[in-house]
Amino acid sequence: MATKLRAVTEADLPALQQLSRTTFSDTFGAVNTAADLAVYLERAYSLPQLARELAEPTSTFTFIYQDEQLAGYLKLNWGATQSEAQGDDCLEIQRIYVLPAFKRQGLGRQLFQLARQTAEQLGKTAIWLGVWEHNDSARAFYQQMGFVVVGEHVFQLGHSTQRDLILRKTLV
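For reference, each letter of the sequence shown is one residue, going 1 to 172 in UniProt numbering.
A hint or two may mislead.
[Claimed, not checked] SDA-like, lysine to any residue: derived pairs with alpha carbons at most 25 Å apart:
| id | residue 1 | residue 2 |
| --- | --- | --- |
| 1 | K103 | Q143 |
| 2 | K4 | R21 |
| 3 | K124 | D67 |
| 4 | K4 | G106 |
| 5 | K103 | S20 |
| 6 | K124 | L5 |
If you are wondering where the hints come from, they were derived from the structure by calculation, not from laboratory data.
The task is simple: from the sequences and hints, build the whole structure.
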């Protein structure tokens with residue numbers, strides 16, 4: 001199976017929106033109310049919001065394709081664009097999203113490797129991310145990648161206040 005990475009462009013915003021909403025709903029829809037999910041999806045993945053994020057010079061979005069099919073994406077932030085101040089030496093993985101049909105095929109690992117390469121190219125010494133405390137599969141994945149829990153923060157999903165763990169990996 002052939003994979004390909006490609007930078008997301010403004011013309012890709014509708015596909016990015018659909019991919020974001022589909023993957024987020026698949027992962028978190030069954031454990032949140034429909035009302036909370038709808039509020040979050042509109043706030044986080046509206047076309048204007050995604051366009052603002054895409055325009056940030058210290059953020060990148062990268063699509064991953066498998067056999068020419070869009071399978072997921074990676075969003076990275078650094079500097080002032082990080083969703084939470086973690087220092088100028090850090091790169092944030094804000095999203096590794098993979099569609100259900102493409103999970104467990106190594107795509108998340110490829111996206112993580114791209115994040116690591118980007119961090120190294122930017123001279124960063126650490127990568128960090130937030131992950132929902134009950135997202136066991138994601139937590140296990142990041143643990144395999146060498147991340148450790150260094151803190152926590154509040155994640156607001158609609159009217160539901162949830163706890164995310166802050167994970168960090170020091171680059172050697």
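Results of checking the hints against the structure:
no.: 1; hint: K103 / Q143; result: 17 Å, holds
no.: 2; hint: K4 / R21; result: 22 Å, holds
no.: 3; hint: K124 / D67; result: 32 Å, violated
no.: 4; hint: K4 / G106; result: 13 Å, holds
no.: 5; hint: K103 / S20; result: 15 Å, holds
no.: 6; hint: K124 / L5; result: 22 Å, holds
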